[in-house]
Amino acid sequence: MKLIKVEHAYKIYKNGTTAVADLSVSIDKGEFVFVIGSTGSGKSTFIKMLYREEKPTNGSVIVGGIDVAKLRNSKVYKLRRKLGVVFQDYKLLPKLTVYENVAFALETLGLPNNEIRPKVLKAIDAVGLKEKTRNLPNQLSGGEQQRVAIARAIVNEPKLLICDEPTGNLDPETSKEIMAILDKINQESETTIIMATHDKELVNKMKKRVLVIEDGVLVSDTKKGSYKVHESIKNPKKKYS
Amino acid sequence: MKALRILRRSIRDSFKSIFRNFSLSMASILCTTITLILVAISLFLSYNVRQITKTLEHELTIVVYLSPETTEKQKIEIENDLKTMENVSEYKIKSKEEWKAEMKKENETLDTTLEYLTENPLLDSIIVTVDEVRNLHETTEKLKKYDFVESAEYGEGMVENILGVFDTISIGTMSIVIALVLVTAFLISNTIKLTILSRKTQIEIKRLVGASNIAIKLPFIFEGFILGIFGSIIPVLLSIYGYTILFNETGGYVFTRIITLVNPFPFVFQVSIILVIIGSIVGMIGSWLSVRKHLKI
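Chains as they are written, first to last, in this note's numbering: chain A, 1 to 241; chain B, 242 to 538.
Think of the hints as simulated: they come from the structure by calculation, not from any bench.
No false leads were slipped in.
Cβ-Cβ distance ranges computed for the label pairs, FRET-style: (1) A:R134 - B:T442: 19 to 25 Å; (2) B:N489 - A:R117: 55 to 61 Å; (3) A:K205 - B:I455: 42 to 48 Å.
If you want the footprint, here are the derived chain A segments under chain B, 3+ residues with CB under 8 Å: (4) 70-80; (5) 109-116.
From the three backbone atoms N, C-alpha and C, an ideal C-beta is built for every residue, glycine too.
Starting from the given sequences, assemble the full structure and let the hints guide the process.
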């Protein structure tokens, strides 16, 4: 069953820069997909289109049955409730404890307190931070902070977890721990995970599906792939009007 | 239920934000307080000017002097006309004898002079009170048209001047009120903008986890509302106590007994309600505008 279907998607910024060009890809429910590419390749724009931080200029991007290209600003929240997002810089609220940071997402959605508590504790347990629920973010290591961010992203049990370079700020050992958590979430709850990364070692080790984006174009899509640099493609951008 | 929970949490968040951004909140409250004090002064001035105008309107009359040859029939004719005449609220016949008695009472020299005169040189008259003082001139002109009317006077020139001054004060104070309301909205909106900047991550996370736009905006709108209410506390107290003390100290009169001040009760409460409404609504609008500007996805 297709969870994401992208067809001939383009993203051209107002200044004329083409970030994504004629990108088509399908991702099934429960898949774990790496999106790799050099800085400025368009992988972040592709990821942002999936959670409608960026709106495609042309083509269609369908996520969980919602056409992102046609989604009005006021209705974006409907898409966001179906997915979780994890960033490189964690984006935690510094004055809230681990528990409060995770609960914040559900409180914002208006869930009753008696429903929030078990869900939050379950998510915190899933990332192995049961002992640190009362800690503030500045009392945690980088890896732990990222785990809080993951707990917040999965607390609403989303079908899709989007990770934008989640290990970018972490050392190799901690990165492995984070990957183990993400892999576990993918296996146990069949959550589809799409992860943009630069980490060659992780990609090679995990043996998951790999999408390679260069200059805004999807240049490779391999099952159980590895980190490759497609130097042979000099100018992959297509001309279009 | 869900909406109620969001509402309750929004109120809680707005209080938290006010105390977390204490210095910003204080700045906003102070600005609101100062502008609302000025609004209160303008309101007191404007209402009192209106009251004085009304009092004067009652005092202003047209004196119609009838010629000595006026017959009884003509007097009945003008009386009947006055009963149906536009802008005439009431009239009173004042005979020359009454005038004479009044003048004798007022001035000793006149008293002696009038004693020497065997015949009363004064004229019978009618004192006309009008509904609308602005049409005083037209009504006077109508009355002058009767053949047996010697003259009709109302204090031309002076009345127009007084009304002009009151009009200017009224327009001036209302313009000040409007300008101050706009300034308050601008100040509150600026403070909220700063708090929004300091809560950028929080808004970003809310958007990411799927909070609707209204759920994101609500805490800020409440914040503006609360800042407005806090900002109106001192102006309300000053209005209630300040005006009551002023009224009691002056005895309720300015310069002469003719110019009376508006009674403080329930006037001060009405002004207080207006101040609270201006403070809270302007606070809400100010924050709504700045959130709208800053939350575009």
